[in-house]
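Take the sequences, apply the hints, and build the full model.
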Amino acid sequence: MHEKDYVVIIGSANIDVAGYSHESLNYADSNPGKIKFTPGGVGRNIAQNLALLGNKA
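Just so we're aligned: the sequence shown equals residues 1 to 57 in the UniProt record's numbering.
Hint data in this document are derived by calculation from the structure and do not stem from the laboratory. Where hints are given, some of them may not hold.
[Said to hold, decoys possible] Using 25 Å as the maximum straight-line C-alpha spacing, the simulated DMTMM-like pairs for lysine to aspartate or glutamate come out as follows:
{"id": "1", "residue 1": "LYS4", "residue 2": "ASP16"}
{"id": "2", "residue 1": "LYS56", "residue 2": "GLU3"}
{"id": "3", "residue 1": "LYS36", "residue 2": "ASP16"}
{"id": "4", "residue 1": "LYS34", "residue 2": "GLU23"}
{"id": "5", "residue 1": "LYS34", "residue 2": "ASP5"}
{"id": "6", "residue 1": "LYS56", "residue 2": "ASP5"}
[Stated by the list, open to error] Estimated spans, in silico, between C-beta atoms of each pair:
{"id": "7", "residue 1": "LEU50", "residue 2": "TYR20", "range": "28 to 34 Å"}
{"id": "8", "residue 1": "ASP29", "residue 2": "ALA51", "range": "43 to 49 Å"}
{"id": "9", "residue 1": "ASN26", "residue 2": "GLN48", "range": "35 to 41 Å"}
{"id": "10", "residue 1": "GLY41", "residue 2": "TYR6", "range": "15 to 21 Å"}
{"id": "11", "residue 1": "ALA57", "residue 2": "GLY19", "range": "27 to 33 Å"}
{"id": "12", "residue 1": "PRO32", "residue 2": "VAL7", "range": "40 to 46 Å"}
{"id": "13", "residue 1": "GLU3", "residue 2": "PRO32", "range": "52 to 58 Å"}
The model shown is predicted, which means the values in this text are computed figures rather than measured ones. We put the beta carbon where it would ideally sit given N, CA and C, even for glycine.
This is how it looks when you write it as structure tokens:
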């Protein structure tokens with residue numbers, strides 16, 4: 001029986017949250033804008049790139 005090669009990744013995986021205002025910020029008031037969520041973390045980034053290269057991670 002042959003075992004297939006695989007990679008073990010030790011690192012973080014998280015969600016990056018960034019907020020953007022449509023206008024200049026008004027302190028002590030509402031500031032309409034948008035919030036952007038993106039996957040992040042060094043371990044997650046490495047795993048994604050290895051998977052895109054066809055490696056099993």
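Item to complete: Output the numbers, in ascending order, of every earlier hint that fails for this structure.
Response: Structure breaks hints 1, 5.
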